[in-house]
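There are 4 protein chains.
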Amino acid sequence: MIRFKCDYSEGAHPKVLETLLQTNTEQTVGYGMDQYCIKAAGIIKEKIQRQDAEVHFLVGGTQTNLTVTSAALRPHQGVIAAYSGHISTHETGAIEATGHKVIELPSSDGKLTAWQVEETVKAHYSDENHEHTVQPKMVYISNPTEIGTIYSKKELTKLSSVCKENGLILYLDGARLGYGLCAEDNDLDLPTIAQLCDAFYIGGTKIGALFGEALVVCNAELKKDLRYIIKQKGGMLAKGRLLGLQFISLMENDLYFQMASHANKMAMLIKEAFIKKGYSFLISSTTNQQFPILPNDVLDRMKVNFEYSYWQKVDENKSAVRFCTSWATSTEAVKKLIEEIEKW
Amino acid sequence: MIRFKCDYSEGAHPKVLETLLQTNTEQTVGYGMDQYCIKAAGIIKEKIQRQDAEVHFLVGGTQTNLTVTSAALRPHQGVIAAYSGHISTHETGAIEATGHKVIELPSSDGKLTAWQVEETVKAHYSDENHEHTVQPKMVYISNPTEIGTIYSKKELTKLSSVCKENGLILYLDGARLGYGLCAEDNDLDLPTIAQLCDAFYIGGTKIGALFGEALVVCNAELKKDLRYIIKQKGGMLAKGRLLGLQFISLMENDLYFQMASHANKMAMLIKEAFIKKGYSFLISSTTNQQFPILPNDVLDRMKVNFEYSYWQKVDENKSAVRFCTSWATSTEAVKKLIEEIEKW
Amino acid sequence: MIRFKCDYSEGAHPKVLETLLQTNTEQTVGYGMDQYCIKAAGIIKEKIQRQDAEVHFLVGGTQTNLTVTSAALRPHQGVIAAYSGHISTHETGAIEATGHKVIELPSSDGKLTAWQVEETVKAHYSDENHEHTVQPKMVYISNPTEIGTIYSKKELTKLSSVCKENGLILYLDGARLGYGLCAEDNDLDLPTIAQLCDAFYIGGTKIGALFGEALVVCNAELKKDLRYIIKQKGGMLAKGRLLGLQFISLMENDLYFQMASHANKMAMLIKEAFIKKGYSFLISSTTNQQFPILPNDVLDRMKVNFEYSYWQKVDENKSAVRFCTSWATSTEAVKKLIEEIEKW
Amino acid sequence: MIRFKCDYSEGAHPKVLETLLQTNTEQTVGYGMDQYCIKAAGIIKEKIQRQDAEVHFLVGGTQTNLTVTSAALRPHQGVIAAYSGHISTHETGAIEATGHKVIELPSSDGKLTAWQVEETVKAHYSDENHEHTVQPKMVYISNPTEIGTIYSKKELTKLSSVCKENGLILYLDGARLGYGLCAEDNDLDLPTIAQLCDAFYIGGTKIGALFGEALVVCNAELKKDLRYIIKQKGGMLAKGRLLGLQFISLMENDLYFQMASHANKMAMLIKEAFIKKGYSFLISSTTNQQFPILPNDVLDRMKVNFEYSYWQKVDENKSAVRFCTSWATSTEAVKKLIEEIEKW
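Residue numbers (this note's numbering), protein chains in the order written: chain A, 1 to 344; chain B, 1 to 344; chain C, 1 to 344; chain D, 1 to 344.
Where hints are given, some of them may not hold.
To be verified - Keeping only pairs whose Cα atoms sit at most 25 Å apart, straight-line, the calculated SDA-like set for lysine to any residue is: (1) D:Lys265 <-> D:Arg50; (2) D:Lys277 <-> D:Cys218; (3) B:Lys336 <-> C:Ala123; (4) C:Lys15 <-> B:Lys336; (5) B:Lys303 <-> A:Ser126; (6) D:Lys265 <-> D:Gln195; (7) D:Lys5 <-> C:Thr28; (8) D:Lys153 <-> D:Asp185; (9) D:Lys15 <-> A:Ser126.
The set of hints was computed from the structure by calculation and includes no laboratory data.
Bound-form chain A, shown alone:
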């Protein structure tokens, strides 16, 4: 059985593990105040070209999203997100559990537009009784999105402008940020993101770490007392150095981006194979997630040797499924998959 089900099927890239092994018996202070976390934060601040940013390391994405939201919003404020956004659909109401509404907007490509955000804010304030509705205060986007699409520099710039004009916080969920930044049609980079967003995170879990997300806070107001809230939400790792160490490994020699590029390359090979056979896609993705629409009988046959994620029913005979690659996806595995595709 060859798995293309998700990008967190294996452990960590060997270099990451190596670093943990080498430092295992060293004694450090806890809770992310150690030298490794400080060093990792320094590397990231350099890469994003913002020495004024604050970097915190958390274990997982849901935890990071709920911590930032809880820290950023007052009780009557909500966060705008695409209906397909991770916080809208796949975090068991984690945001609502901190007391805040996710204001869900429709989106066919997983992205929010500046126009949508602007209209939502306008609609709120034009309501005579706007105090009876949740005040939009934050915008949540993911890049790449949950369906593999990416924001262009132009799109993100517009979104950022609208947010600034309307006093909204722009937060980017970068669970798969590497895959996005290494996509062939990408024109964003870390410094630009750090310029345009109030906060974002660089995802480690899905790109080569055992676990770990580097939360970058650029907006000064959001920095205040963030460590208190990380602790309160259960997100402060006792042996915090494990996070710092992993991010040092990921960032050194751009291992993070090398892994992402590899995964994207593998994904493009798969994409091509599907295209060649005339299959269409739920959405056109240039990152490590591909969503071909396949006949159900083809899916049944494929199931025998390959694991993929079921995504959604398209019609009686066809379904969209997800194939996911990662740093650990081998050319052999992809070759076998392509052979299988070509067989049909």
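Following the hints, put chains B, C and D in place on chain A, whose structure we already have.
Relative to the frame of chain A, chains B, C and D by itself:
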């Protein structure tokens, strides 16, 4: 200026005030444990034909909705509601502030269908990772809805069946219940509602009381410790008798329904006048809220002497507005409005 | 049976009811935006000599306390209160339900001292891992306290200074404020309180209103978006004018203070009678609540004709109980009670 | 510098790391549904002799505590804990942030007694207005406690009985459980704990794992939908196998208990050295945390080469400090510390 803006522009029906005056110097225990609350609860239990029900009196609707939801749900559970539902749009995220997601479903007539609810539950459990999404556990409906429509007995029966089959709690927001039960095309009554719903409230604020909603809990599981939660949410009135007394007045001689019938009658006169002049409506309503679609210039002229609620833009030249009647709407006021309509 | 059980046994002072009656059929806008609320707010701002203050009217005390706290604090912050404070013990965890810890300090007289607050803040910041503990951000006091004692001007000034020096919000629960300000040994007044506190409320429910508390917000930072949070917590009364109207009545001709003075006078008569007979008190109170320590057999006999609140066991043979007076306490009732006391 | 500051200064026991390395490239499903988690749960269920128990693996202690509490309590319920309990003082109000009050009781030895719990419950229900106070529903204890003391079998049995009689959930925080079970004066074991407690966790972070706590749920009612709540609170690790794998390593050949015994042995050597020199202790501990009371000048000298935790001021000249050992504490390090002690 004659106001048709809402159904809570005036104080209370004179009979309600009279009762408060008569009993003003009596000494009673506080917090709704007095003889008047007990008596009012008794009258209601008789009217709904369920001696096993529990009746609590709260001051307002948002308070009632958030208290019931908070009491009924575990942290990972959410409440299904129409996108236009009061809890979805007009309570400043009160439900989310208690930690729960409102799972919003589209609806063109303000109502939820049994089918929609069933599909939502199915979709949840068919997700391989359903633990990553909010568990649907409660269904919130309002009758009449926020746009004046009502549920038929058949519709509510189906909805109730689907809820029972799927272990969902069915909760009916009856802020305007009287108007619904007195509509010409209504076939529901209090005993049927008490049979089909796990909990519901009989709204006083919008039908002749100074304030007050009678929360009826039929499902035994929901009764447990409810008074604790009412207190915690700030909904336990010190001089609770004020609520009991008002509901005694409302229920005696069916004053509640007399007032609702009057308001509906006034609304039907207004409706007719608009129809006669060829205007269409956002939705066909047989209750005290009417939503005609009117040319903007007509609205401008009308504004001079009449107050209504702006509802939504329909196109460049037309908007939907709301005209609302109540127990206090006089035939004279309606006559003047009709004259105005006929003028255009 | 003559009741001295609490100060909310009756309805409202006749003048309050009269105002409601006179205005009953007037049409006003809802949610506290009407002329009466504006007028009442104006009167209060004049009385406290702060035109910059914001006044909101809420139905009850628990609701007011939880709304202010929720609006004022970020998630990791807590509110310091006496262990005997209302929010600590008698609001079913309403503050915690909004996500915040009540940091409870011991107090034998129901009051907090400036020193206690200062030590608590110091202890927090001197902890190397202070981010692992709740950050003190607000101080809750009640005046009079839950056991009838009052703050002197000197005490409140000191407390206020410590709060300002440490960036803490000082919030005063004035559920019985009138009784405090009319106590014979009181040296505080409304302008001083408005100068020293960031927010406080003038309690109506326990001093002559049907219900209602006037929340005064002096600190500019606390004003922001407060109406949203009042709505979210279920505290925005649809017919908000009922609150405005009542406070106009209470404030006109200082009815509020006349009622409080009367209640205090009645309480002093009762106090004297107990003293004459040689009974001691749980605490010395100069306000409308008196806490004599009485032999259990005396209490048993008294129970036949008089209602009081059981407070706490003192030893095997004696208990502290509470006698409460109000605007509605008649000289006759007090006379009868004194005769009973003198009998033993 | 030799560190005795805490029991999480190093990484993990080499055997733990070895397992991670060996399995690194294997593909497994995520979120704790993999074979390793299932195997680890099986081993634990065997060790506790309860096949009906449910085992969940979480990353950290605060997360585990807040998840269990949130899952177990209804909104109006609170958890009883010692004032010195971890949830009372060192989790930044994590419990309150889920909406629940920690009902803090005094304790000089860090433990709760059955009597205290019983009195608290009695006091609640004997209050005429008990609905105005938080309902005690859960009891939180830690074993060993935050100051190193342990519960005897008799104490825990009594506590468990009182909880059962009063419908309370007994939850044991076992962040350092191994150290407790390996203490020379301990008479508890895992099966007994699993019999007496409704839920508890076996702490990995502080005893040899990189991170990880094994939450054991014995009470059937608490099991329901727990995974939803783990996900919601951000506690569901994507590569969940990392937790399963570590606990397999810890449990195989009782490595967990070997490590704990070693740490305790080291702690006893340190304890003895302090006793020999005539120093007293804050509390008598037989586990890996020792709290000697030392003259401030001695502490100053010691600081040069040894790291310890400052605990509390005892008087002007003396302070209590904490020395902590772990699996990684070497005999050499302890020898050096003892030499230092003997020097004074």
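- Message: For a quick check of understanding: which of the numbered hints are violated here, in increasing order?
- Response: Violated: hints 1, 2, 3, 4, 6, 7, 9.
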